[in-house]
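The lines below spell out each chain.
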Amino acid sequence: MANIRKIARRTFLIGSAAIAGGVAFGVYQLRKDAPNPLVAGAGEAVLTPFILLNQDGVTVIAPRAEMGQGVQTTLAALVAEEMDVAWADITVLHGPPAQAYYNQALLGIALPFRHYADTDFRHSLRQGIGQIGKLLHLQVTGGSTSMKDGYERMRHAGASAREALKLAAAAQLGVAASDLRTADSHVIAPDGTRIAYTALAEAVRDIDLPDVELRPRSEWKYLGKSMPRVDMLAKATGTAQFAGDVQIEGMQFATVRINPKRAGMVSYDDTAARTMDGVTAVIDLGDGIAVVASNTWLAMQAAQAVDIVWQDAAYPAETAGMMAAIAAAFDLEPNSTVRDDGDVTAAIEGTEIVAEYTVPFLAHATMEPMNATALFTGDRLEIWTGNQAPVMTRDKCAAVAGIAPEAVTVHTTLMGGGFGRRAETDYSVQATRIAAALPGTPIRMTWTREEDMRHDFYRPAAMARFRGVVADGAAQLIDGQIAAPSVFQQSSFRQMGQVPPGPDRAHVEGAADQPYGVPNFRITGHLADLAVPVGFWRSVAASFNGFFLDTFIDEMAHAAGTDPLQFRLALAEREHAPSAGVIRAVGEMCGWTGRNTRQYRARCGVLSFLRDRHRTGGRGRGHRARHPH
Amino acid sequence: MASVAMVVNGKSITREVEGRTLLVDFLRDDLRLTGTHVGCDTSQCGACVVHVNGQSVKACAMFAIEADGAEVATIEGQANKDGSLNVIQQAFQDHHGLQCGFCTPGMVMTAAALLKENPKPTEAEVRSYLEGNICRCTGYHNIVKAIMAASGQDVTAIAAE
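Protein chains in written order, with this note's numbering: chain A, 39 to 667; chain B, 4 to 164.
Pulled out of the complex, with its shape left as it was, chain A reads as follows (with noise of 0.2 Å):
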């Protein structure tokens, strides 16, 4: 791999994401080996960060969370396909806050690259820009990366460990451990001979795991093959445990009340409130009251109760005003100019098409409101919390609770859907701060659904003008400029406290890396000034950029008075080869005819998916492309 210092230096001109690891850490940090933060029980051997073996069965510490998208039965598979495990006999459970749980992944997606076409250099950068993810402890569960990330180092981790089951065998059974197999969790022998991975526990213990090779994909049981979740069964039985399902002795209940508007309280008065039977406390969060009481729903209907004076909100008081806001940046200088082929300012003869678009703000909504279960005994804080990020969340607690972060255990619980509102830690903190008000009471926080929908950070409103010119049947020019509150920038203040300074990639994903060879082709990213919470959601920007852009191709399509699908495949043609082949099996596929029947129209509705995961499947490393759900 390159050397880093360069890499570092380099990317500081280049990316934004990269900066704040680049210039803040020594190159010494990024050598040294994640610490294993498991250690083993009597009887029990850790075998890498990711797999503890013992007299049970194998279990799988998954170092993503699971928030419905199958990531740790997924996780889990890579394991056992070098590991050899028996699927049934596979157990995951979510790792604890570590650094050896770093996402490589997340980071190389902030850099401006159309990334269907990728070059060696750029993938050897985007790897590099990913180790700077270790320094960060960037544990973050976010940006379609689980499998990036996890491909090869969970297949590593099951490798290694299946060999050194091999090694502990082999000085059990007096024969060499290259004439051992591995099947069905045992250690097979020349002679029939079976040895289960259990019985081996004790004696791979002290075996240094060897570094081996992956297998090649044509040995392949688990992978690329339908498994069954290992979430499945709990789910489907009302067993699974998500934060709100917590139980503890002598625990109270709460919920808050937070000013809508996203500011403080000019005063609140909780006279009614605490005359409640059953409440037991009320408290000044700032922004806001927490009331406990004796049930959840007491806890809301006291919250209720209090009379509060809000602060005025940061942000205009009317969607018309925060859209104003977001149109007002078209007329900034752009923060991205990470698309500009050709020149879009020559004069180019032909069919002059503009649109101008817009969306709204959107919630995450997830089905299971914001909660957490927190336990502070003076010295020490418990917390359970479904969350995507563990390791911000464990220190954004200590912080709040005044104690050392590792002071603090943080059970990531599954989620009731996460889609990256649970990359917040904002409702973790809330229950940390009431739980710290009173030490020794467990507190199991839940926010109501309308607390939930008044206090998300949204999908950015956004708007987009598109100018474009069509001649002889194609597209000449496109001209886009995308304008919406930076989601990137947003969230790196909360929190790292700062912004990075560069174009911020995200805010133009889904248009500016496209696949399409337009001749004149530009999008411009404009940053709008605008406080309304923005996160990640859902695919984020890609779920407005995708619309803006296709939906202006298709306009063109019509002005050019060509079939749509045969417009787009001009474009890809130009560009990108596989995409166009893309385009071309999807199409036949759905039977394509150019007919707009509603059959056509619901059956090609997979063609801009199947594009766009082609598009984030890197390298052609084989990313199967799937109906979306």
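Calculated from the structure, these hints are not laboratory results. Note that the coordinates shown come from a computational prediction; the quantities given were computed from them, not determined experimentally. C-beta: ideal position from N, C-alpha, C; glycine also. Be aware that a few hints might be false.
[Claimed, not checked] Only part of the chain B face toward chain A is listed, based on derived beta-carbon distances under 7 Å:
| id | residue |
| --- | --- |
| 1 | 78 |
| 2 | 79 |
| 3 | 101 |
| 4 | 106 |
[To be verified] Rough simulated footprint, nothing fancy, chain B against chain A, three-plus residues with beta-carbon under 8 Å:
| id | segment |
| --- | --- |
| 5 | 88-99 |
| 6 | 129-143 |
| 7 | 182-193 |
| 8 | 249-258 |
| 9 | 280-290 |
| 10 | 447-459 |
[Unchecked claim] Quick partial rundown of chain A residues pointing at chain B, CB under 8 Å, derived from the structure:
| id | residue |
| --- | --- |
| 11 | 105 |
| 12 | 277 |
| 13 | 388 |
| 14 | 486 |
| 15 | 487 |
We have chain A; now place chain B onto it with these hints.
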């Protein structure tokens, strides 16, 4: 405080509760049957659907004392006697009818109520019956497919996975 007695998943129970205790909180916090979920507290999302005397109800819209003397069924009692999944639960597993799993208990209980009323529903009838149950992973397609399969119908025509 009031005394309530009911049969929950075939087991007789008696508890002292505050009159204002919702059935869903009673199930979750008093009986520790946390499979019944609360997504909205206002009877819109359907995550808290249970059966009371055979009728599907949203447990967040009913007091525990209103279920006094009733037979209550929750997701925890849905598996077969031998512990294996019942036909609806198994169909959810076979057809990938859940993702985050938070809506699943309500979906399974609603599906059970539907199939009792209408053992061979059409796809349109399934979708209509589920209008009080929200899924935010947007997995409706496979949920509908699972319920159709649980009714013993061929689901291969309901579009490929």
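Comparing the hints with the structure gives:
1. 78: Cβ of residue 78/B sits 4 Å from chain A, so the hint holds.
2. 79: holds, 5 Å
3. 101: Nearest chain A Cβ about 5 Å off; hint holds.
4. 106: holds, 5 Å
5. 88-99: violated (count 0)
6. 129-143: It is violated, with 0 qualifying residues against the three required.
7. 182-193: violated (count 0)
8. 249-258: It is violated, with 0 qualifying residues against the three required.
9. 280-290: Since 4 is at least three, the answer is holds.
10. 447-459: Satisfied; 6 residues make the cut.
11. 105: Holds. Min distance 6 Å.
12. 277: Cβ of residue 277/A sits 7 Å from chain B, so the hint holds.
13. 388: violated, 40 Å
14. 486: holds, 6 Å
15. 487: holds, 4 Å
Violated hints, in rising order: 5, 6, 7, 8, 13; the structure is consistent with all others.
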